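Participant: Each chain, letter by letter, is given below.
2 protein chains.
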Amino acid sequence: MTVSMNLGKDSYDIVIERGALGKIEDYIDLGKGKALIVTDSGVPAEYAKTVADRLSGSVFTFEQGEKSKNFDTYKAICEKLLELSFTRSDAVIAVGGGVCGDMAGFAAATYMRGIAFYNIPTTVLSQVDSSIGGKTAIDLGKIKNIVGAFYQPKKVIIDPDVLATLPERQIKNGLAESIKMGLCFDPELFGLFEKADYLDHIEKIIEASLKVKRYVVEQDEKEIGLRKVLNFGHTIGHAIEASVPFGELYHGECVALGMIPMCGESVRPRLVAALKNVGLPISFDYDREKIYSALCHDKKSVGKTVTAVRCNEVGSFVFEQTTPKKLIKLI
Amino acid sequence: MTVSMNLGKDSYDIVIERGALGKIEDYIDLGKGKALIVTDSGVPAEYAKTVADRLSGSVFTFEQGEKSKNFDTYKAICEKLLELSFTRSDAVIAVGGGVCGDMAGFAAATYMRGIAFYNIPTTVLSQVDSSIGGKTAIDLGKIKNIVGAFYQPKKVIIDPDVLATLPERQIKNGLAESIKMGLCFDPELFGLFEKADYLDHIEKIIEASLKVKRYVVEQDEKEIGLRKVLNFGHTIGHAIEASVPFGELYHGECVALGMIPMCGESVRPRLVAALKNVGLPISFDYDREKIYSALCHDKKSVGKTVTAVRCNEVGSFVFEQTTPKKLIKLI
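So the protein lines, in turn, are chains B and U.
For the first sequence, the residue numbers in our numbering are 22 to 352.
For the second sequence, the residue numbers in our numbering are 22 to 352.
So that you can see chain B by itself, here it is in the shape it has in the complex:
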């Protein structure tokens, strides 16, 4: 199936198709243009190889993990593009999770001030969320996604078959964002996570999540209004993520923990039960001082106040101006 993102001249299609990787030339036509496939060591190497072989592209592989999402790797991708004499007729193709897509996308957004970018997300998290919306970025110091660009891909190709090779923890990690989208927009989607057999509905989960994300991004491409709702659970979640050593908690696990304090009394027990059902964490040995310090540096803070998102009823949300001090008390 194809979900179309309507963003004026930056519109593009999201294709969801089992086995798409093995016939990628049906979805990506570069004409005489060259392709650099950017992937990381955590992604089965045959995925990037399949794409590279079918599009006569080159492969750039960086070490997996958030720690690689930095200026050095960004620069290395740009150097590779330069070494291969890439021009504005050529393309960058990400094959990997969110880190890979964010970084390859930022390189594509800025190399020659922008060349074509295609995204082939291979994790649940990136398939349901991060691969669409056009937010590209790298980290700096301990602050995630602080340097980047809004840059839309030419196409996103989602092959659910690739999820088969993912570890269970990775899958659950990705589902946290879907739970978030269900909580704030789609009670039916949220309801799936309250069922024991939720994993049988993975394609429905991907599709419903993409449609929520599409709705929000189309309303607010540059994140000046509504789109901030997608930060639900992220203000505290990012701070938790920054307070622990890289990799100790996955992004989705931090979002799960970050959503709980932002729910109203009637929603919280349902969320906690759903998180338990999915196998996401519901509590953690918090380092409050580190979390507070990270909250104060969160890029979403404007001056000394922070725009946070609350969910007081499943399927709805409210924005709230608050402060790091008040937020830390909620945990």
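A few of these clues could be false.
Repeated chains share a single entry, so a pair holds when one copy, or any two copies, can fit it.
[To be verified] The list that follows gives simulated cross-link-like pairs (lysine-lysine, DSS-like), each with its CA atoms no further than 30 Å apart: (1) LYS101 with LYS249; (2) LYS232 with LYS176; (3) LYS311 with LYS176; (4) LYS216 with LYS70; (5) LYS55 with LYS350; (6) LYS249 with LYS347; (7) LYS325 with LYS176; (8) LYS347 with LYS243; (9) LYS53 with LYS297; (10) LYS243 with LYS30; (11) LYS175 with LYS232; (12) LYS311 with LYS53; (13) LYS175 with LYS346; (14) LYS44 with LYS88; (15) LYS30 with LYS249.
Hints were generated in silico from the structure; no laboratory data involved.
Remember, predicted model here, so these are calculated numbers, not experimental data.
Given the coordinates of chain B, work out where chain U should sit on it, guided by the hints.
Facilitator: Just chain U now, with coordinates in the frame of chain B:
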């Protein structure tokens, strides 16, 4: 006077005003927002200090010259913004020449995916040309401006008084771009450079050049068509610049040298005479092999052909598809 750039929601004003620096708060209103003034060691320090004092801003100074226009300095500016806890309510202000504006602009374009950017150009080159148009960038290896973004400033403030402290060679360097704009668009502007007293007309030169640049940028903000005319003299010019040690030739000197072979028979003698009059070079001990190699890497090349601009009559231009091989023969 004020020249307005009409670019839809990215529109902005260019203010040309003697003494503007000393009353900068009349032109830049940040509300409660913070300001980082980015300057370099070649700019009289009092310029940045004046702006910082009047806007309660901080100053970031990097070492002058093209060699600083790299990932390291770009990263250092981002780190400074992070250290000062800059948010989307704050602003970056460049006080310097093209290198400074390009790099500060790229940092502003990408820090938090874009915060406000103001440009206060202090060289002829940046006042007549590079400060407007929204092209920000850094260099990589020997290739200039290969990584960057299209990002419009909130305002450009030009204070012609600051030119008084510039060395003569710097002034002439900047005028090459004005000569280019006169050649391709404005015979009257070009005619000024054929007069012995051309320097008495500096404000007229700035204004006329800005208006040509404005016309071209408004027609083609993202450089997909007409804007390539501004590359007149630059395809060969950039290659010459890449072929010599950093700083041996100034950018404008390379553009001057790069324009000569791209003129028709009737125009070339007039251009050479004007360049002589202004004191710009008309010949050089070329290293053809290095120039050829740089031409092949020029970011404007599409596959194996290059879009070059020719001037066969003063005030006009034509686009021409050519190859590095043909270009090198013209020198």
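Participant: Using 30 Å as the alpha carbon limit, work out where LYS347 and LYS243 are close: within a copy, between copies, both or neither.
Facilitator: Classified as within: same-chain Cα gap 27 Å, cross-chain 44 Å, threshold 30 Å.
Participant: For LYS30 and LYS249, with the copy left unspecified, which applies at a CA distance of at most 30 Å: within, between, both, or neither?
Facilitator: both (23 Å within a copy, 21 Å between copies)
Participant: Cα distance capped at 30 Å. Does LYS101 pair with LYS249 within a copy, between copies, both, or neither?
Facilitator: between (34 Å within a copy, 26 Å between copies)
Participant: For LYS249 vs LYS347, is the C-alpha pair at or below 30 Å within one copy, between two copies, both, or neither?
Facilitator: within (19 Å within a copy, 53 Å between copies)
Participant: Under a CA distance limit of 30 Å, which applies to LYS232 and LYS176: within one copy, between copies, both, or neither?
Facilitator: For LYS232 and LYS176, the Cα distance is within 30 Å only inside one copy (16 Å; across copies 38 Å).
Participant: Pop the pair LYS175 and LYS346 into one bin, within, between, both or neither, using alpha-carbon distances up to 30 Å.
Facilitator: Neither: 42 Å inside a chain and 33 Å across chains, both beyond 30 Å.
Participant: From the Cα coordinates, with 30 Å as the cut-off, is the pair LYS216 and LYS70 best called within, between, both, or neither?
Facilitator: This pair counts as neither: shortest intra-copy Cα distance 37 Å, inter-copy 63 Å.
Participant: State whether the alpha carbon distance between LYS44 and LYS88 is at most 30 Å within one copy, between copies, both, or neither.
Facilitator: neither (32 Å within a copy, 45 Å between copies)
Participant: Since the copies are identical, ignore which copy is meant and state whether LYS325 and LYS176 lie within 30 Å (CA to CA) inside a copy, between copies, both or neither.
Facilitator: between (38 Å within a copy, 27 Å between copies)
Participant: With 30 Å as the alpha-carbon cut-off, assign the pair LYS243 and LYS30 to within, between, both or neither.
Facilitator: both (14 Å within a copy, 13 Å between copies)
Participant: Using 30 Å as the alpha carbon limit, work out where LYS311 and LYS176 are close: within a copy, between copies, both or neither.
Facilitator: Intra 39 Å, inter 39 Å, cutoff 30 Å: neither.
Participant: Using 30 Å as the alpha carbon limit, work out where LYS53 and LYS297 are close: within a copy, between copies, both or neither.
Facilitator: Neither way: LYS53 and LYS297 sit 50 Å apart in one copy and 44 Å across, limit 30 Å.
Hints 3, 4, 9, 13 and 14 from the list above are not met by this structure, while the remaining hints are.
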